[in-house]
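A.B. asks: Just need the whole structure built from these sequences, with the hints factored in.
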Amino acid sequence: MSESAAKKKSAGTSGPGGTGKPGKSGKTGRPGKTAVKSADSAGRSGAAAVAGAEQGASGGAPRLSVLKTYKLFVGGKFPRSESGRVYEVTDSKGGWLANAPLSSRKDARDAVSAARKAFGGWSGATAYNRGQVLYRVAEMLEGRREQFAAEVADAEGRTPAAAAAQVDAAIDRWVWYAGWSDKVAQIAGSANPVAGPYFNLSTPEPTGVVAVLAPQESSLLGLVSVVAPAIATGNTVVVVTSERSPLPALSLAEVLATSDVPGGVVNVLSGRAAELGPPLASHQDVNAIDLAGAQGELAVELEIAAADNLKRVRRPAPVDWTADPGTDRMLGFLETKTVWHPTGALGAAGSAY
Amino acid sequence: MPPVTTTATAGTAALADATASDAALRRYLHGLPGVDAVGLEARAATLGTRSIKTTSKAYAIDLAISMIDLTTLEGADTAGKVRSLCAKGAHPDPTDRETPSVAAICVYPDMAGIAAEAVRGTGIKVASVATAFPAGRAALPVKLADTRDAVAAGADEVDMVIDRGAFLSGHYLQVFEEIRAVKEACAREKGEDARLKVIFETGELSTYDNIRRVSWLAMMAGADFIKTSTGKVAVNATPANTLLLMEAVRDYRAATGTQIGVKPAGGIRTSKDAIKYLVMVNETLGEDWLSGRWFRFGASSLLNDLLMQRQKLRTGRYSGPDYVTVD
Chain D
65 MSESAAKKKS AGTSGPGGTG KPGKSGKTGR PGKTAVKSAD SAGRSGAAAV
115 AGAEQGASGG APRLSVLKTY KLFVGGKFPR SESGRVYEVT DSKGGWLANA
165 PLSSRKDARD AVSAARKAFG GWSGATAYNR GQVLYRVAEM LEGRREQFAA
215 EVADAEGRTP AAAAAQVDAA IDRWVWYAGW SDKVAQIAGS ANPVAGPYFN
265 LSTPEPTGVV AVLAPQESSL LGLVSVVAPA IATGNTVVVV TSERSPLPAL
315 SLAEVLATSD VPGGVVNVLS GRAAELGPPL ASHQDVNAID LAGAQGELAV
365 ELEIAAADNL KRVRRPAPVD WTADPGTDRM LGFLETKTVW HPTGALGAAG
415 SAY
Chain U
11 MPPVTTTATA GTAALADATA SDAALRRYLH GLPGVDAVGL EARAATLGTR
61 SIKTTSKAYA IDLAISMIDL TTLEGADTAG KVRSLCAKGA HPDPTDRETP
111 SVAAICVYPD MAGIAAEAVR GTGIKVASVA TAFPAGRAAL PVKLADTRDA
161 VAAGADEVDM VIDRGAFLSG HYLQVFEEIR AVKEACAREK GEDARLKVIF
211 ETGELSTYDN IRRVSWLAMM AGADFIKTST GKVAVNATPA NTLLLMEAVR
261 DYRAATGTQI GVKPAGGIRT SKDAIKYLVM VNETLGEDWL SGRWFRFGAS
311 SLLNDLLMQR QKLRTGRYSG PDYVTVD
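Residue numbers (the working numbering), protein chains in the order written: chain D, 65 to 417; chain U, 11 to 337.
Just so you know, these hints were derived from the structure itself, not from any lab. Computed from a predicted structure; not experimentally measured. Be aware that one or more of the hints could be misleading.
[As the list claims (entries may be wrong)] Think about it this way: if two alpha-carbon atoms lie no more than 30 angstroms apart in a straight line, the pair counts; the simulated BS3-like pairs of lysine-lysine are:
#	chain 1	residue 1	chain 2	residue 2
1	U	Lys-322	D	Lys-170
2	D	Lys-141	D	Lys-170
3	U	Lys-91	U	Lys-322
4	U	Lys-282	U	Lys-67
5	U	Lys-63	D	Lys-247
6	D	Lys-141	U	Lys-63
7	U	Lys-282	D	Lys-170
8	U	Lys-67	U	Lys-322
9	U	Lys-63	D	Lys-181
10	U	Lys-91	D	Lys-181
11	D	Lys-170	D	Lys-132
12	U	Lys-282	D	Lys-141
13	U	Lys-91	U	Lys-282
14	U	Lys-322	U	Lys-63
15	U	Lys-67	D	Lys-141
16	U	Lys-63	D	Lys-135
17	U	Lys-63	D	Lys-170
18	U	Lys-63	U	Lys-91
19	D	Lys-181	U	Lys-67
20	D	Lys-181	D	Lys-170
21	D	Lys-135	U	Lys-322
22	D	Lys-157	D	Lys-132
23	D	Lys-135	D	Lys-157
24	D	Lys-170	U	Lys-67
25	D	Lys-181	U	Lys-322
26	U	Lys-282	U	Lys-63
27	D	Lys-135	D	Lys-170
28	D	Lys-141	D	Lys-181
29	U	Lys-242	D	Lys-141
30	D	Lys-141	U	Lys-91
31	D	Lys-401	D	Lys-247
32	U	Lys-282	U	Lys-242
33	D	Lys-135	D	Lys-181
34	D	Lys-181	U	Lys-200
35	U	Lys-91	U	Lys-242
36	D	Lys-135	U	Lys-282
37	D	Lys-247	D	Lys-181
38	D	Lys-181	D	Lys-401
C.D. replies: Given below as structure tokens:
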């Protein structure tokens, strides 16, 4: 039976979720995958639907659709998991979408090294430059709206319109934080009046390497909402994607890689929060951890582990990701540096500063 | 395989003949079997795939630390920097006194005296580079004076560079005589002679065949150690060229009964790399070489990575560069 026949048959008879599961390699079980796609995307203009139409139109040999191997994003490169493991990612109805890498603690360690390596350059870049880079991410994402809308729709079981709204909000969120990048010092810093002939200036500085457990339910908007504020101020990030729907985040890595974001500034790991959380929380070279995607006992356990080297910890809390983000998350991963500088002749002249 | 003879003395006699004249030496060195480059690299790569975990890893890390020639060879070296390096070598991890100390501190000759003073009583050796390191481009009297200076200042070991220009031009006997002369300059009237490490700068020798030839040349000339590189050129120690040195050392002992040490240097930065080399030592040379007396790592940043791995094994938490010194 040819592939196109297999597609048509399973699309017509078994429907989503009722098709064969693929093997671990990610390269087998193609008919199952495409069947789900074509059944699922009927009536929606997505890449899969276009692929389906091609077969009918060409008339010759059916075209085999090219499946994507989702990979991690570490240090600006796209490696497979060091462990070689993958896990099956399904859509909201249980139909197979793709295999995603199941990261191990060694991947987490490698990601932290990459983030540490990138920290000097990124935190040392001018705030204006960082803002430009973040804006560039929004530009790149804008160009791939449809792909992301389809991925978010699959991942979260949203209607095409609702998924597109999520992607638009995610793009706008990059722009929001891009704008804040060179303004945060104005609201988080100050010139302090002191009783002496000194300039006394407090300026915000990035905390360092921030580990982020991204929200579980909002696969793209939630992830952008926790990553963008951390890197806008000069931190570098290791982010663990939503466990159930990692694909939009892994695709976002491709956008970051082509947006002038230096390698290592954002490192994306897919896998289990319960497996990756503990090594990140106890890692002595991680300066802060955002537990947005950790729930219940795991969050408590991670908070205890994080106390070891006095990490900054952001506890999980229910958040409406579509709401105005404010500056809270940005200000959470900053340290304050205060400089005393003699005023010299100015002080001698009797000036207040 | 080089001509392995049945008795060590017969082998030694054959080698003595080989060094009788420039022509004989050339005949001997060019008579060594050619290196199978693909096989050598494949063998080195295979030995790098062993998985060393838990207690074996802990053992390997401690062994690797005890084999390090902790090195600072910068134009900007100061007495203070050398002293702090010596202090670090003696107690690499101040949070854990169980950590073994390194094998030696490797410095430029003018710092040898300062290092010797600083390591007194710790059992750590002082290694000094000499002979116009790293280029080796100086007249023989200058090189010998450089060596004598280092020995007089208290160097326990001398790392000399060969004259690569002479070697590549085929003046083998000149290189041979030079090593001999430096070896003589390592002698001490009172106390032990300084051990001589001969640096080949394998990255400049172009072929594996040349590396095999120079290994034999140096061993016949009296090297106590053979060493891959200065760490100052683009290609430093690689698993393949170090394996080639090890094979030469193994065969030399089979032929003559004399044991020679091996020191890869440059470019070994991670614990993983170091452990790969240790596997190679064990598989190629055996346990006789698994100590700081017979195998060394020429490295500076390797120690910090080993310490971080050691802390990870001890505490279960990944460590970071904040917990080791900045050198």
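A.B. asks: It remains to establish, for every hint, whether it holds in the given structure.
C.D. replies: Here is how each hint holds up against the structure:
Between U:Lys-322 and D:Lys-170, the direct Cα distance comes to roughly 12 angstroms. Compliance with the 30 angstroms bound is thereby established for this hinted pair. As the CA atoms of D:Lys-141 and D:Lys-170 are separated by approximately 16 angstroms, the hinted pair is consistent with the 30 angstroms bound. Taking the CA atoms of U:Lys-91 and U:Lys-322, the gap is near 28 angstroms; set against the 30 angstroms cutoff, the hint holds. With a C-alpha separation of about 10 angstroms, the suggested pairing of U:Lys-282 with U:Lys-67 holds against the 30 angstroms cut-off.
A hinted pair counts as satisfied when its Cα atoms are at most 30 angstroms apart, and U:Lys-63 with D:Lys-247 does not qualify at roughly 49 angstroms. Taking the CA atoms of D:Lys-141 and U:Lys-63, the gap is near 27 angstroms; set against the 30 angstroms cutoff, the hint holds. For the suggested pair U:Lys-282 and D:Lys-170, the alpha carbons sit about 13 angstroms apart, so the restraint of at most 30 angstroms is met. Distance check on the hinted pair: U:Lys-67 and U:Lys-322 sit about 11 angstroms apart at the alpha-carbon level, within 30 angstroms; holds.
At most 30 angstroms may separate the alpha-carbon atoms for a hinted pair to count; U:Lys-63 and D:Lys-181 meet this at roughly 26 angstroms. A C-alpha spacing of about 25 angstroms is found between U:Lys-91 and D:Lys-181, which places the hinted pair at or below 30 angstroms, so the restraint holds. Under the criterion of a C-alpha separation no larger than 30 angstroms, the hint pairing D:Lys-170 with D:Lys-132 is consistent with the structure, at around 24 angstroms. Restraint check for U:Lys-282 and D:Lys-141: satisfied, since their Cα atoms lie roughly 21 angstroms apart, inside the 30 angstroms limit.
Under the criterion of a C-alpha separation no larger than 30 angstroms, the hint pairing U:Lys-91 with U:Lys-282 is consistent with the structure, at around 27 angstroms. Among the hinted pairs, U:Lys-322 with U:Lys-63 is consistent with the structure: their alpha-carbon atoms are about 13 angstroms apart, no more than 30 angstroms. Simply put, U:Lys-67 and D:Lys-141 have alpha-carbon atoms about 28 angstroms apart, close enough for the 30 angstroms limit, and the pair holds. Annotation: proposed proximity of U:Lys-63 to D:Lys-135 holds, straight-line Cα distance about 27 angstroms (limit 30 angstroms).
At most 30 angstroms may separate the alpha-carbon atoms for a hinted pair to count; U:Lys-63 and D:Lys-170 meet this at roughly 14 angstroms. The straight-line distance between the Cα atoms of U:Lys-63 and U:Lys-91 is roughly 35 angstroms, outside the 30 angstroms bound, and the hint therefore fails. Of the pairs offered as hints, the one joining D:Lys-181 and U:Lys-67 holds, with about 26 angstroms between alpha carbons and a cut-off of 30 angstroms not exceeded. Of the pairs offered as hints, the one joining D:Lys-181 and D:Lys-170 holds, with about 16 angstroms between alpha carbons and a cut-off of 30 angstroms not exceeded.
Only pairs whose Cα atoms come within 30 angstroms are accepted, and D:Lys-135 paired with U:Lys-322 is accepted, the gap being roughly 27 angstroms. Taken as a hint, the D:Lys-157 and D:Lys-132 pair is honoured in the structure, with Cα atoms around 20 angstroms apart against an allowance of 30 angstroms. Annotation: proposed proximity of D:Lys-135 to D:Lys-157 holds, straight-line Cα distance about 23 angstroms (limit 30 angstroms). Using a Cα cut-off of 30 angstroms, the hinted pair D:Lys-170 and U:Lys-67 holds, with the two alpha carbons roughly 16 angstroms apart.
Between D:Lys-181 and U:Lys-322 the CA atoms are separated by roughly 19 angstroms; this keeps the pair inside 30 angstroms, and the hint holds. Restraint check: the Cα-Cα separation between U:Lys-282 and U:Lys-63 comes to about 11 angstroms, which is no more than 30 angstroms; the hinted pair holds. For the hint linking D:Lys-135 to D:Lys-170, the alpha-carbon distance of about 15 angstroms falls within 30 angstroms, and the restraint holds. Taking the CA atoms of D:Lys-141 and D:Lys-181, the gap is about 14 angstroms. The hint holds against a cut of 30 angstroms.
For the suggested pair U:Lys-242 and D:Lys-141, the alpha carbons sit about 29 angstroms apart, so the restraint of at most 30 angstroms is met. As the CA atoms of D:Lys-141 and U:Lys-91 are separated by approximately 37 angstroms, the hinted pair breaks the 30 angstroms bound. For the proposed pair D:Lys-401 and D:Lys-247, the alpha carbon gap of about 16 angstroms is at most 30 angstroms, so the pair holds. About 22 angstroms separates the Cα atoms of U:Lys-282 and U:Lys-242, which keeps this hinted pair within 30 angstroms; it holds.
Straight-line distance between C-alpha atoms of D:Lys-135 and D:Lys-181 comes to about 21 angstroms, which keeps the hinted pair within the 30 angstroms bound. A threshold of 30 angstroms between alpha carbons decides the hint, and for D:Lys-181 with U:Lys-200 the separation of about 50 angstroms lies outside it, so the pair is violated. Of the pairs offered as hints, the one joining U:Lys-91 and U:Lys-242 holds, with about 20 angstroms between alpha carbons and a cut-off of 30 angstroms not exceeded. With a CA separation close to 24 angstroms, the supplied pair D:Lys-135 and U:Lys-282 stays within the 30 angstroms bound.
Straight-line distance between C-alpha atoms of D:Lys-247 and D:Lys-181 comes to about 26 angstroms, which keeps the hinted pair within the 30 angstroms bound. Distance hint between D:Lys-181 and D:Lys-401 is fulfilled; the C-alpha atoms sit about 22 angstroms from each other, no more than 30 angstroms.
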